[in-house]
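Undergrad: So you can see what is in the structure, the chains are spelled out below.
Number of protein chains: 2
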Amino acid sequence: MASTSAPVAGTAPPHVVIVGAGFGGLYCARALARHPVRITVLDQHNYHLFQPLLYQVATAALSPGQIALPIRAILRRFRNVQVLLGSVAGVDLAARRVLLDGGGRVPYDVLVLATGSRHSYFGHDEWEPLAPGLKSLDDALEMRRRLLWAYEVAEREPDPATRQAWLTFVIVGGGPTGVELAGAIAEIARHTLVRDFRHFSPAQSRVLLLEGLPRLLPAFPEDLSASAERQLRALGVEVRTGARVTEVTPGAVQVGDETIPTHTVFWSAGNAASPLGRALGVEVDRAGRVPVEPDLTLPGHPEVYVIGDLALFTHQTGQPLPALAPVAIQQGEAAAENIWRTLSGQPRARFVYRDRGNLATVGRQAGVADLGLVHLEGLVAWLAWLFVHIFWLIGFPNRVLVLLQWAWSYLTYERGARLITGQVPSALRAPAGAAATRTPRADGRQSEKAARAR
Amino acid sequence: MASTSAPVAGTAPPHVVIVGAGFGGLYCARALARHPVRITVLDQHNYHLFQPLLYQVATAALSPGQIALPIRAILRRFRNVQVLLGSVAGVDLAARRVLLDGGGRVPYDVLVLATGSRHSYFGHDEWEPLAPGLKSLDDALEMRRRLLWAYEVAEREPDPATRQAWLTFVIVGGGPTGVELAGAIAEIARHTLVRDFRHFSPAQSRVLLLEGLPRLLPAFPEDLSASAERQLRALGVEVRTGARVTEVTPGAVQVGDETIPTHTVFWSAGNAASPLGRALGVEVDRAGRVPVEPDLTLPGHPEVYVIGDLALFTHQTGQPLPALAPVAIQQGEAAAENIWRTLSGQPRARFVYRDRGNLATVGRQAGVADLGLVHLEGLVAWLAWLFVHIFWLIGFPNRVLVLLQWAWSYLTYERGARLITGQVPSALRAPAGAAATRTPRADGRQSEKAARAR
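These protein sequences, in sequence, are chains A and B.
Residue numbers for the first sequence follow our numbering, so the first one is 1 and each next one is one higher.
Residue numbers for the second sequence follow our numbering, so the first one is 1 and each next one is one higher.
Source of the hints: derived by calculation from the structure; they are not laboratory data.
Treat the hints with care, as some may be off.
[What the hints assert, rightly or not] To spell it out: a stretch of chain A is covered by chain B in this simulated footprint if at least three of its residues, at any positions, have a beta carbon under 8 angstroms from a beta carbon of chain B; those stretches are:
hint : region
1    : 60-72
2    : 195-202
[Said to hold, decoys possible] Have a look at the derived ranges for each label pair, beta carbon to beta carbon:
hint : chain 1 : residue 1 : chain 2 : residue 2 : range
3    : A       : Asp-101   : B       : Ala-94    : 26 to 34 angstroms
4    : A       : Thr-314   : B       : Pro-261   : 51 to 59 angstroms
5    : B       : Ser-201   : A       : Asp-101   : 21 to 29 angstroms
6    : B       : Asp-125   : A       : Ala-95    : 21 to 29 angstroms
7    : B       : Pro-221   : A       : Leu-383   : 26 to 34 angstroms
8    : B       : Gly-103   : A       : Thr-249   : 47 to 55 angstroms
9    : A       : Val-380   : B       : Thr-11    : 53 to 61 angstroms
Even for Gly, the Cβ is constructed at its ideal location relative to N, Cα and C.
Bound-form chain A, shown alone:
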């Protein structure tokens, strides 16, 4: 409301700086923009990413443009919001200024930190180049590149053992992302690529999903964990629980005594909060998360809010809230509400998370859904997931096109974005063992086939 109770009548409206335009930051900006405040949204990318569909880009089903939208386009109708592209190096809490990489400074009256999380390698950061994770669009394109590249190398590789290593895909971490990736990769091998290669059958691919804990999807009820495992096995995924990765090298993954030869390892094992948490100079937990008050403010700094994956919020159950989009969305809206309450002289409210359920897909028509009292599995869970995610693509004006693209992929098993773009990592370009290029089979069978093909 352009209420006359605006805090300091006659002066410039207060300046709210929101760092990060993920779900938390974006929902906060949208909720706050209705009020007479000036808002600056800072992000290191020019787009908002619909992260729940990121694995679809990594597995070549969707194009980046279908799950990412320019932040400017989403916020353009709010004339009191400016969007700046920039990377945040830290915050000067005393002087109330955000410090940018390259030396810029952005002063604020109120600050919202929503910079999310990256993956955690549990002290083995040297594994990152060998086993990329899936948080950003560039991560997804890197995965897509490696996945498609492995098959191309396999086609040129004469040695069966070396070829098998290129056809072995290891996913480390059995949370929702790992389960979704493993299911999608297994289906690509069995359906999409099945007629594309001449020197091996893509069905020779091995897809391994390794989880250190005793079951997949530890955040779901046990029956759904078991169901996800069953559904993955039906797709041909080798699921290994209680399997801790002890080493990742350019040609193999080590699990205890076992060496699994592979050139393609994807990481989905853990979250580490964005480094901005530590840069604040406040105490953070082991995952780098910033403990917040029940009203989502930083202790001692009622003008600073921390939300989403970056926040450690334990006031509801004693346990931290999980790193999920619904938590970030609800916290973004709650922070906006508390900011406006403070500015208009009302007390801030405690944040209460409303858990509406938890979904994960397994391939094209399977999945699990935890809706509290109701547990769904298989096709009905997949449909629930589809319904929620399609209708959740808010702000995505081309939602219908994305739906059509999905329908197309679904009906044809075709993946519209099977492109190797950008630089293939040099480690993959000259693989040890990949040697001479073979000529095609010269057994005469092909000319018969050619004749039949007409």
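Assemble chain B onto chain A, guided by the hints.
TA: For chain B alone, coordinates are given in the frame of chain A:
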């Protein structure tokens, strides 16, 4: 035909190696695959690119996946065709072997070279990092990145002169690609981005199209050149003919005595044939093209064909045929025909190019079309272009989706792929002159606007 006249009955069918899966190579492979031969298609990318729409990716209207298709998917139904990803370093003509980067060798009975062209910097290769051209998908993504990045820097830049340099876009070369790029960039500034920025109006953008010759589109009739220039000016493009670029530096383009401050220069000024031509050890022309016989074979090597942009074919008019997709397509099909004629003991035919016209678009609903006796301009030329290109997307199963995406962009002026992905070139990341970040306007007008916006 699985004819009994197959050349050497009882032995392995002959092996045809096609290097390059552009229009020439792909049409050659498809035409030849009906015959009992073994075919290997080699390309450095895993996809075929629909190059006439590349400028739409560079200007964020289409996603890469919409104009590129996996070569394997296109050729999958031909069981006598294998596709290999690999970069060709040269050809051993005496031993009949293709030499791959990294040491592989592919022996052939018949060879088709269709590796196309890159841009030519006329001896100034040092300009390439400053003024990228538009031949590959990675080129297009680089252009898109620079185009969008320039606006982002401008939004953070407080100095008006420096900002204007970031809002100045220079396209060097007034052929069809230059005309299409200039028109699209002018429309983005005037329509797509118009409400997205707070510290400048995107209409302040200057788009300059520089052509060294006296008129744009030198391959078109004069009246259409004049028409294209008029249509571009109507979109706000500054067209300069007879303007030769003498220097490109990180912050400016030099045209004779004039210095144009800009950080964004795109190159569309000339073709240089792929370096494979020179690597053959035969004589090539100044543009690196390989002179071919009237039957498209390499002189002295009737088992080697050179087609498309790489070939210098002068037998029809005395002038070289232009570097256009229709030439490559017709030559690909003619080479396939001549290969089969030779293998089945018939004489080879002379290649005859059938010119069916020449099209170029100018923005969203303008263009020029040279159909020989008939010259079209404006909307009708644009519709001709649209019709030809949509129906030309052969092998593109998602043609309808691309059409829908286009229609969407057309109706909304929205560009679905405005994403800055990958690494921004370091030269652009720390621009000289771009300094402190400004806070949003604090003049109170914004809160009024915010109130009105509700």
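Undergrad: Confirm or reject each hint.
TA: Hint check results:
1. For the region 60-72 of chain A, the stated coverage by chain B is satisfied: 7 residues place a CB nearer than 8 angstroms to a CB of that chain, which reaches the threshold of 3.
2. Remark: the region 195-202 of chain A is confirmed as covered by chain B, as 5 of its residues place a Cβ nearer than 8 angstroms to a Cβ of that chain, reaching the required three.
3. At roughly 57 angstroms, the beta carbons of A:Asp-101 and B:Ala-94 sit outside the given window of 26 to 34 angstroms.
4. The hinted window of 51 to 59 angstroms between A:Thr-314 and B:Pro-261 holds, with their beta carbons roughly 54 angstroms apart.
5. Between B:Ser-201 and A:Asp-101 the Cβ separation comes to about 28 angstroms, which falls inside the hinted range of 21 to 29 angstroms.
6. Separated by about 48 angstroms at the C-beta atoms, B:Asp-125 and A:Ala-95 break the suggested range of 21 to 29 angstroms.
7. A hinted range of 26 to 34 angstroms is violated for the C-beta pair B:Pro-221 and A:Leu-383, which are about 58 angstroms apart.
8. Checked against the hint of 47 to 55 angstroms, the pair B:Gly-103 and A:Thr-249 fails, with Cβ atoms roughly 24 angstroms apart.
9. For the pair A:Val-380 and B:Thr-11, the supplied restraint of 53 to 61 angstroms holds, since their beta-carbon distance comes to about 58 angstroms.
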